[in-house]
Amino acid sequence: MCLGVPGRVVRWINRESNFAKAEVEFSGVRREIHMACVTDANLGDYVIVHAGIAICLVDEVEAEQTLAELKSLGENSDETP
Amino acid sequence: MKHLDEYRDAAASQSLITDIRARATRPWVLMDVCGGQTHNLVRYGIERELADCVELIHGPGCPVCVTATELIDFAVALALRPNTIVASFGDMLRVPGSSQSLMQARERGGRIQIVYSPLDALALARQHPNAEIVFLAVGFETTAPATALAVIQATKLSLNNFSIVPAHVRVLPAMETIMRMPDNRVEGFLAAGHVCCITGFEAYQPFASRFRVPIVITGFEPIDLLRGILKTVELLETGQAIVKNQYSRTVQRQGNLAAQSIIDQVYEVDDRDWRGFGTISGGGYRLRAEYSLMNARQKFADVLPPKGRGDVDCRGADVMSGKIKPKQCPAFATTCTPQSPLGAPMVSSEGACAAYYRFEPLPIKVPS
Ligand code: SF4
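If you read the sequences in order, they're chains B and V. One point on numbering: in this note's numbering, the residue at position 55 of the first sequence is 55, and numbering is uninterrupted. In this note's numbering, each residue carries its 1-based index in the second sequence increased by 81.
For the record, the hints were derived by calculation from the structure and aren't laboratory data. Even for Gly, the Cβ is constructed at its ideal location relative to N, Cα and C. Be aware that a few hints might be false.
[To be verified] Sample of chain V residues lacking proximity to chain B, with all beta carbon distances greater than 10 angstroms (derived):
no., residue
1, His84
2, Gln234
3, Leu240
[Said to hold, decoys possible] Per the computed footprint, the stretches of chain V lying under chain B, defined by three or more beta-carbons under 8 angstroms from a beta-carbon of chain B, are:
no., segment
4, 126-133
5, 191-204
6, 338-352
7, 409-421
[What the hints assert, rightly or not] Result set (DMTMM-like, lysine to aspartate or glutamate): computed pairs, CA atoms no more than 20 angstroms apart in a straight line:
no., chain 1, residue 1, chain 2, residue 2
8, B, Lys71, V, Glu318
9, V, Lys83, B, Glu25
10, V, Lys83, B, Glu16
11, B, Lys71, V, Glu371
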């Protein structure tokens, strides 16, 4: 029910608050998504989409930090016999 | 897909599993409160893989499963009402009502349209100006902004053939209900990531200290789940009943203020009858009086059913409060199957019983 899928904002259709809409791309497939909760998204930003609306922006800095942690985790475990 | 595939890496999963094993000095009992997490914990074999060091129990994280039978009965009555179409998420269709499910109502001529979004239900109302479209608005805080937006748009468009059955539930009051149960076993929570995208996690801090329980905001992919589990175990091992955010790429402390304000415009917090649990104080949202024209309960009060019958043989509430695992229910896979369910957790795509029925016979699977 709370499933959310990350997609990339590729084109704004309407930026009018409650009717805001954009085209969002998911693995090459584009869909019209309601954007009333993330009207400040820029083209190229990733949003999490749930039940036809974008519920939040993906924070690239935080994502990179998490991935960096994961990488160091992998390296550490390589060192341990 | 970016922001998805990176969190399914097999090597990183393995090293997180090793870390969890190394950290846990006793089998801690952790509860997830999101059906999507439940399914992935079982699907990827994480629950089984970690069984020797962490017991994962699955809380009331499936909104479909906790929707009162009375609301299913109401939706059935609406679907059978002339000139009326019930729009619903697909999950709801097989859920047993007091006497029948929406699927069974459909076989008897009831009109039900599966939609992916409440905004699709709104589009349906525009396409069928002479029919009444009623959306069955279930879901947690994650889904509430979408249904609230549909109500706002319908109002602005003066669509008077659109209404909703308000059935939204709120996660935190349910977590509190579980913590207050005399035989509660939960020692740590994996909090539902996408609910927190909307609500943020300020409200979890006082909860964590009051009930002396660590809470870790957790995502959905295998790596996210394992990081959430590892952090919760670390907090338990060091005796810290605090909140940590392990899903920081999407969850901010304050949540999404725009989404909160959309919810606020349309809904107010209300007590709610949770299937199997009874009334939970503050456990749901009701429509504000300004939107009563869109409230199907008022608009179609003539077909409101009497209070629904409780489930007789389903132990869904025991499963969802962590007292038993799905397989410990005597009906599991015997008298209760997805084809012939006794309770909602067996048929909702997020129900814990459905997860075990579908994935558990499989051998342990590490994501690759
Ligand atoms: S197996 Fe069926 S009867 Fe038992 S708790 Fe699950 S849904 Fe209810």
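Against the structure, the hints come out as follows:
no.	hint	result
1	His84	4 angstroms, violated
2	Gln234	6 angstroms, violated
3	Leu240	13 angstroms, holds
4	126-133	violated (count 0)
5	191-204	holds (count 5)
6	338-352	holds (count 3)
7	409-421	violated (count 0)
8	B:Lys71 / V:Glu318	25 angstroms, violated
9	V:Lys83 / B:Glu25	11 angstroms, holds
10	V:Lys83 / B:Glu16	28 angstroms, violated
11	B:Lys71 / V:Glu371	52 angstroms, violated
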